[in-house]
Amino acid sequence: MKSTKFTNYTAKEADAKWWEIGNYFRRNSIWMLMYCTGCGAIELPPAMTSAYDMERLGMGPMATPRQADVLLVTGYLSVKTLRRIIYTYEQMSEPKYVVGFGSCTINGGVYFDSYAVINRLDYYIPVDVYVAGCMPNTESILNGFVDLMGMMKNKTANGWIKYHENYEWYKANQIQAVGEVHVHDEFHE
Amino acid sequence: MKEIKLFLGPQHPGMHGNASVHMYIDGDIIKKAYMLPGMLHRGFEKGMERHSWVNNIGLIPRVCVVEPDINEFVFAQAAEMMAGIEVPERGQYIRMIILEMARIITHIMAYGGSGGPTGNYTVMYHAQEDRNRMLYIFEKITGHRVYHMYIVPGGVRKDLPAGVEDDLNEFMDDFEKRYDDYRALVLENPSVLKRITKTIPLPAEVVWELGVTGIGMRSAVNKPYDLRKVKPYLKYDKVEFDVPVMDYSDAKARIECKLIEISQSIRIIRQCFAQMKPGPVRVPLDHGQAMRWRVPKGQVYSSCESARGEFGYYVVSNGGTNPYRVGVRGASYPQGLLGIEKYLPGTRLDDAALWVDTMGVCAPEIDR
Amino acid sequence: MMNSMNNVKEIISTVEKNFDLLNHEIIDKYQVSLIVNKKEVHHLLVFLKTNGWIQLSYLTAVDWIEENEFELVYIVFNWDKPVHIQVRTRIERDVENASMDTILPIYPGCKYYEREVHEFFGIKFPGNPDYHKQLILEQFDDLPPLRKDFDPLAYAERKFPKRDYPEKFVNLEGKESEQAKRDITHERVEKLRTGGTKK
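Protein chains in written order, with numbering that gives the first Met the number 0: chain B, 0 to 188; chain C, 0 to 367; chain G, 0 to 198.
Note that these hints are calculated values from the structure, not bench results. By construction, the Cβ of each residue, glycine as well, lies at the ideal position given by its N, Cα and C atoms.
The calculated lysine-lysine pairs, modelled on DSS-like cross-linking and capped at a C-alpha distance of 25 Å, are:
#, chain 1, residue 1, chain 2, residue 2
1, G, Lys161, B, Lys170
2, G, Lys28, C, Lys234
3, G, Lys132, G, Lys147
4, C, Lys4, C, Lys31
5, G, Lys80, G, Lys16
6, C, Lys222, C, Lys197
7, C, Lys31, G, Lys132
8, G, Lys147, C, Lys296
9, C, Lys222, G, Lys80
10, G, Lys28, C, Lys296
11, B, Lys161, G, Lys161
12, C, Lys228, G, Lys28
13, C, Lys31, G, Lys110
14, G, Lys8, C, Lys228
15, C, Lys30, G, Lys110
16, C, Lys296, G, Lys8
Chain C is faced by these chain G residues, among others (derived, beta-carbon under 8 Å):
#, residue
17, Asp27
18, Gln30
19, Ser32
20, Gln54
21, Ser56
22, Thr59
23, Val72
24, Ile74
25, His83
26, Gly108
27, Tyr111
28, Leu136
29, Glu137
30, Leu145
31, Pro151
Modelling step: build the complete structure from the supplied sequences, incorporating the hints.
Pasting the structure below:
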């Protein structure tokens, strides 16, 4: 009787194989968090509905951050929104990805000299894909999502690992820009 | 009797834009509510003082993202009032066509957006498809889908390209054929009618107390108080159109007014094309180079009728190349901030998002 | 609508009879501006409201730093006789305690406009219950932003670091740079124009 052949994998190689299988399922059904943080969000409804249907790529909207995969930062970020985005990003469960839309996340855009808008997004949360434009076309947005899926296949979309490793650096930058990450508005007191 | 704090927060699928409404509820009834703006604040009024008069046209449409042409028009009108420039006739007709197209896409988006709070997602799909077709026509005329930068002090930048009239006629004929389908989806749909009849009515005395303008005022007060009829600007006194009024302003009346205004805007665009004659579209400014143009001293308030109400800029000029101070009066300021504080307590929890949609509260206008 | 120029003249003559008008200006047939003293603003607004100008359109302030004054502007509108009236008044530019009494009992819609003017200019409005709470900014730690002595570019460079684009170009043909020559000429011209003392 022939015995079945088992190839010997170490624990680390088996773990890598499970991640590959998981990545295949993850990149074909990305769930996007519905948060319109800035003016680039006006080009999202044509992507979500029947004009440029995003559901044929497997993507759909999701209401709560606990079950979403992708956080879209659509456009500029004011200081008040940055506090809430840090709460939201830390509530999402891993692995998670961030896509930055528009030139305002890259270098400040038209608001480089404003007292209420941040200049560079990847000092505060790690970003995987940037989509340039002011504002980007709906076809560019879909192109950006396809790039994100390609990065997930090559295992280069690891912003969330970088957040763990450099946590102190990100926190120091956040406190320099925002003062205090705790939200104090008149509702919370 | 315990009260629970609840956020209709910035990250919410039923909220239009990035603003939050904080509520204290008891069971299903709201006891206290107020709106927290400021998440979209960019410091526009300070930024406009640092750029010259013509350079500001590149910055200004970003104040309101849903309907950006009214910003350019009101700023250009203020500069022309102070400098005493008169725009040629063909330029005025083209400005009217662009403003009415912007009104159509805003009303279509709000009509479809009423599907979110009531659970009627079909009308949202129809509306976004039509809006996308109109954005292709905007790209053909001005070069950009959303931020046009087409109306400048002195006229419009360039003449209309060939074939635009046929594209617009095709869109308008197709829309009029499906007008009854749009009515049947929301206004005659028995599963939605129970949510929108006799909910959140707005009485007439409250309108003057809050300072509400636009569709909320016209449907409560029952008079055609519209800035295009009362103090006509551009060539609105040469075209014929009606302004819808109602005498009991609940959510259904306001949604119906939006649909009627779309068909009246189509009528205006057709008459504009019939009355236009060929000619120049832009007046050249002094000094040859437009970047160093100076505007004489003055303080004016120029206003126009946007899809949500009276929209105005208060512009102060010191005789220099930059404006000295610009103040923005957002059309949804009274109904967003004061309306939610005084009027929502006593209504039900599910009607909070419906108020935000039917009264036309647009968050970037409040924060700038 | 045909006799709107008469509307404007009628307003000016009625107001001149009953109040002490410092100056007036007719902008066009649908707009007029009246400049009064600080003490007369409330009486004038009550008079206008009882005569049909029942909608408050806008309330704001302007910072005239060279004349050391703030100017407050109230804009009201009447839908039956369509004229926008701007009521303007000047108060002194006290850095800590500039204040003006509230018009909340006359026009209840002014509550949030006054709160915003306090936040951006620092003008106090005693009589308005929550004018000191922040509405649009949150935990802002500098001068009120819309004053003329606040510099937004310096604040942005201090708090929000920028992306640096290092200059990576190679001069392949070995010629000298045209841009450097232009910079030297430009600097000489500036020096001659300002007499050596550049601000």
